[in-house]
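Protein chains in written order, with our numbering: chain A, 18 to 174; chain B, 18 to 174.
These are computed hints drawn from the structure, not numbers from a lab. Owing to the predicted nature of the structure, the values given are computational and were not obtained by experimental measurement. A hint or two may mislead.
Note: identical chains are not told apart, hence a pair may lie in one copy or across any two.
List time: in silico SDA-like cross-link candidates among lysine to any residue, alpha-carbon distance up to 25 angstroms [stated by the list, open to error]:
(1) K118 <-> W46
(2) K118 <-> G73
(3) K53 <-> D69
(4) K53 <-> I174
(5) K118 <-> R75
(6) K53 <-> N90
(7) K118 <-> V145
(8) K118 <-> V79
Number of protein chains: 2
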Amino acid sequence: MTDTAAIAERELVLTRLIAAPRAKLWRAWTEPELLKQWFAPLPYTTPVAELDLRPGGRCLVVMRDPEGRDWPNPGVYLDVVENERLVFTDAFVSAWEPSAKPFMTAIVTFADENGGTRYTARVLHWTVADREEHERMGFHQGWGQCADQLAALAARI
Amino acid sequence: MTDTAAIAERELVLTRLIAAPRAKLWRAWTEPELLKQWFAPLPYTTPVAELDLRPGGRCLVVMRDPEGRDWPNPGVYLDVVENERLVFTDAFVSAWEPSAKPFMTAIVTFADENGGTRYTARVLHWTVADREEHERMGFHQGWGQCADQLAALAARI
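Let the sequences and hints guide you as you build the complete structure.
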């Protein structure tokens with residue numbers, strides 16, 4: 018067996034307390050028409066969201082940059098627990114076709130806290146280098162801005 | 018997106034018609050005490066089989082070579098359909114900790130055919146290089162010998 022770097026060295030975490038019930042955040046993550054409204058950090062948009070919400074189901078989210086170029090993000094759901102936990106990965110493009118490059122697995126959880134929701138996204142990478150690259154690409158700012166957009170959407174649905 | 022090699026170039030397949038009902042092959046794959054009797058190509062043995070049989074469940078199979086060295090194979094089940102289909106991968110060591118090296122995902126299927134079972138193992142790799150390496154390591158002979166051992170076990174349980 019190859020030695021594996023400690024999980025903490027391959028993980029990025031974003032967590033927020035959001036003033037909305039878990040069920041609304043869940044809807045925003047799982048209903049395509051809602052997800053399109055917050056998923057990409059503005060001025061990026063999300064023209065496509067196909068979400069086959071079950072373990073092994075395919076998710077395809079396409080982000081569009083301000084120049085009009087599309088950035089498809091295909092993946093597969095690994096775990097789906099309503100209002101609680103959503104796990105997906107880009108290691109597969111469908112069940113179970115390996116992708117060109119397994120980069121990350123995201124574990125998104127929703128828990129009651131102080132009348133709102135503790136929203137946590139743990140993003141796990143296969144290598145320390147990929148975690149570092151994701152951080153350089155602006156993980157904290159990008160996912161942070163999206164969490165703000167998610168919170169704003171949850172307040173109006 | 019990176020271009021991905023066609024799945025056929027990243028896949029190894031073993032298929033056999035086995036004169037046993039699906040349910041017996043399923044048991045041989047999913048009951049630890051049975052799996053230990055056929056999983057490693059003799060003279061290798063299988064001293065450890067821990068099988069948490071559910072999507073996201075961990076599987077740990079340890080093979081022992083004739084010199085007494087142990088070769089642990091940790092993985093995670095992705096899909097479990099009794100008597101029909103078992104999917105597991107070494108891309109994770111537990112739900113959902115990425116492994117040091119995502120090497121393969123195996124899709125094992127069992128289907129009725131001519132009073133016996135069509136047994137098929139499709140082994141998918143992330144890269145063509147890994148598929149080639151797996152073939153050089155003796156995939157066809159190794160999985161073939163194990164299929165014989167599996168058939169022999171199924172005939173006596």
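Hint by hint, which ones does this structure get wrong, listed from lowest number up? Violated hints: none at all, because every hint is consistent with the structure.
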